[in-house]
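Using the sequences and the hints given, assemble the complete structure.
Using the numbering used here, the letters of the sequence shown correspond one by one to residues 73 to 642.
Keep in mind that the hints are not guaranteed to be accurate.
Claimed, not checked - Now the in silico label distances, taken between C-beta atoms and shown as ranges: (1) Ala402 / Val461: 41 to 51 Å; (2) Phe381 / Asp403: 13 to 23 Å; (3) Ala402 / Phe634: 48 to 58 Å; (4) Met640 / Gln441: 38 to 48 Å; (5) Asp403 / Thr205: 40 to 50 Å; (6) Phe594 / Asp166: 31 to 41 Å; (7) Gln440 / Ser293: 40 to 50 Å; (8) Asp403 / Val119: 53 to 63 Å; (9) Ile100 / Val219: 43 to 53 Å.
Said to hold, decoys possible - Under the rule of at most 30 Å between Cα atoms (straight-line distance), these lysine-lysine pairs were calculated in the BS3-like manner: (10) Lys201 / Lys241; (11) Lys278 / Lys637; (12) Lys241 / Lys204; (13) Lys241 / Lys442; (14) Lys241 / Lys458; (15) Lys458 / Lys442; (16) Lys398 / Lys198; (17) Lys198 / Lys241; (18) Lys398 / Lys458; (19) Lys201 / Lys278; (20) Lys637 / Lys243; (21) Lys198 / Lys243; (22) Lys478 / Lys278; (23) Lys327 / Lys201; (24) Lys637 / Lys327; (25) Lys241 / Lys202; (26) Lys243 / Lys458; (27) Lys204 / Lys478; (28) Lys243 / Lys204; (29) Lys478 / Lys198; (30) Lys202 / Lys398; (31) Lys202 / Lys637; (32) Lys327 / Lys204; (33) Lys278 / Lys398; (34) Lys327 / Lys241; (35) Lys442 / Lys201; (36) Lys201 / Lys243; (37) Lys201 / Lys637.
What the hints contain is simulated information worked out from the structure, not anything from laboratory work.
For each residue, glycine too, the CB sits at the ideal point set by N, CA and C.
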Amino acid sequence: MNKFLKSFLLIAILPIAIFAADAKDNAIIYGALTLVPPLVAIVLAFVTRNVIFSLFMGIFSGVFMVNISGENIFASLFNVFVDLSSKMVGSLADSWNAGIVLQVLTIGGMIAVITKMGGPRAIAEKLAKKAKTPASAQIYTWLMGFVIFFDDYANSLIVGPIMKPVTDKLKIAREKLAFIIDSTAAPIAGLALISTWVGYELSLIKDAYIVIGQPEINAFSIFVETLPYRFYNILMLGFVFFSAITLREFGPMHKAAVRAYETGQVANPESAKNELMNQENSFMMPKEGIEYSIYNAIVPIAVLIFVAFVGFYVNGASGLEGDILKAFNADPYSFASIRDAFGAADASIVIFEAALLASLVAIGMGLQQKLFTLHEALDTWVHGVKALVITAVILILAWSLSSVMKELGTAAYLVELLSDTTPQFILPTIIFVLGSIISFSTGTSYGTMGILMPLTIPLASAIGLNTGLEGVDLHNYIVLNVGAVLTGAIFGDHCSPISDTSILSSMAASCDHMDHVSTQLFYAIFVGIVAVVCGYLPAAFGVPVYLLLPIGLAVVFLTIRFYGKPYMKA
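Following this line, the structure appears as structure tokens:
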């Protein structure tokens, strides 16, 4: 018996995976099989409409591939369990990810407290007097996206709960609210000159230019030059505005809009059975008889924004090194110094700290006004945290899936598969499409930028020297391709059901996640096609961007105006 037990344990712990340490090697070993985990997660997400199950099965398929043994199923399953658990723990152990989870949960607690104080309801009542039509309500939601420009996560979590009562009252579908939130989060953060994205993007640009022998390049000037070439971001913002003022929709969104307007069911009744996403319930409702004040929401949110900005500066300044630090010390309040500080800041931790302080301010204001007791305030805050635990779970699973795909070499396989077949004159289009495929498959725009930027700039530099296209300047050609990376990543992220920003937008709007994805997907693909046809293809031939952007916006408007259908009765 002892011999049998020893033999069983020995077999169970034997290393059995034919797994290489390098992602590129794994891409060669597994080939097309590296696409299995994202495909499993994405297909199951659409079929089952259960994001948690779909993400888990995607992770399971990936770790099973890595740990499978042809001879020992017991050891395979044991290693699968251990590896799967370690992926989840590793995702949460990452300081950035942990900061994001804490940020999400803390903002959830803050929102619960200010909701209990009646702040969002007061804002909703004020806006309701101005936003008397579905069009104006959508425009206000769109404008608020520009106000919270510095971080896409904070944008989603703040705008959604404030605007939801207004849009619900005017019978605007939750799917449309989630779409507006999602479409004014990453696209605006990606365009902002000072945001939590800038530092990461500048570092990628700088490192890639060093590879092609241009270490002296000003990465920020390159970043600014790419702004007109962010065709998807700009066209998507235009799409949201045009659909709002015309009150026309098409595709699945039109069906949702008709349902909401004609029946008053702002949420899909077939999906609304799952109330885990609905943050506002009787526990968080203000007490009867209290006077609602907009300052009970404005002050805590203003504290959040102000402390976040100061925190970005202070936290980032402490992390500067070398010549950048010398330049900062020489003129610490110049635009360049502020930009460098923001870029070096740990945004996830800073916003968590800002949200925590804003929560304390909100609790203090409520106690001072005698709106609740300390015990009630803390219970409300904890309840708000609990309401977003499901979001944290989904984020952890999404990050774990991304970790699995990174190990398998999914992105490396896609790059290798498509880069060799890239014609010169459509390189920006191929980069945009490749970025969207990687982002769609991994659910992360950040990761996609990190994968493609080191490849894109050297590739564009080499191809741009021999384009043979009249009117195409090498510098502009590289800048165009950099813009394609930065926007392709956001386009794929908008389409992906495993995207963290899409998940947060769904939660903030209290919309079923798959309802959000399925309605947004149709719009995102349309805008992506326009970005290619009216943007990246002609721009590669040297057509001026000041002609392309108006043409693209005109195409978007005319499509909505004549192809879109009104959902309100005349």
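Against the structure, the hints:
1. Ala402 / Val461: 41 to 51 Å: Given a distance of about 46 Å, which is inside 41 to 51 Å, the answer is holds.
2. Phe381 / Asp403: 13 to 23 Å: Roughly 19 Å apart at Cβ, these two residues keep to the hinted range, so it holds.
3. Ala402 / Phe634: 48 to 58 Å: holds (57 Å)
4. Met640 / Gln441: 38 to 48 Å: Given range 38 to 48 Å: holds, Cβ gap about 40 Å.
5. Asp403 / Thr205: 40 to 50 Å: holds (48 Å)
6. Phe594 / Asp166: 31 to 41 Å: Taking Cβ atoms as reference, Phe594 and Asp166 lie about 34 Å apart, which means the hint holds.
7. Gln440 / Ser293: 40 to 50 Å: holds (49 Å)
8. Asp403 / Val119: 53 to 63 Å: holds (57 Å)
9. Ile100 / Val219: 43 to 53 Å: 48 Å Cβ-Cβ, so the 43 to 53 Å window holds.
10. Lys201 / Lys241: holds (12 Å)
11. Lys278 / Lys637: violated (46 Å)
12. Lys241 / Lys204: holds (10 Å)
13. Lys241 / Lys442: holds (29 Å)
14. Lys241 / Lys458: holds (26 Å)
15. Lys458 / Lys442: holds (24 Å)
16. Lys398 / Lys198: violated (48 Å)
17. Lys198 / Lys241: holds (13 Å)
18. Lys398 / Lys458: violated (45 Å)
19. Lys201 / Lys278: violated (49 Å)
20. Lys637 / Lys243: holds (17 Å)
21. Lys198 / Lys243: holds (17 Å)
22. Lys478 / Lys278: holds (23 Å)
23. Lys327 / Lys201: holds (28 Å)
24. Lys637 / Lys327: holds (10 Å)
25. Lys241 / Lys202: Since the Cα atoms of Lys241 and Lys202 sit roughly 13 Å apart, the hinted pair holds (cutoff 30 Å).
26. Lys243 / Lys458: Holds. Lys243 to Lys458 sits at ~28 Å (cutoff 30 Å).
27. Lys204 / Lys478: With Cα atoms ~48 Å apart, Lys204 and Lys478 exceed 30 Å; violated.
28. Lys243 / Lys204: holds (11 Å)
29. Lys478 / Lys198: Outside the cut-off at roughly 48 Å; violated.
30. Lys202 / Lys398: Status violated; Cα separation ~50 Å.
31. Lys202 / Lys637: The given pair, whose Cα atoms are some 25 Å apart, holds under the 30 Å limit.
32. Lys327 / Lys204: Holds. Lys327 to Lys204 sits at ~23 Å (cutoff 30 Å).
33. Lys278 / Lys398: Distance of about 18 Å is within 30 Å: holds.
34. Lys327 / Lys241: Answer holds: Lys327 to Lys241 is near 19 Å, not above 30 Å.
35. Lys442 / Lys201: holds (28 Å)
36. Lys201 / Lys243: Holds, at roughly 15 Å.
37. Lys201 / Lys637: holds (27 Å)
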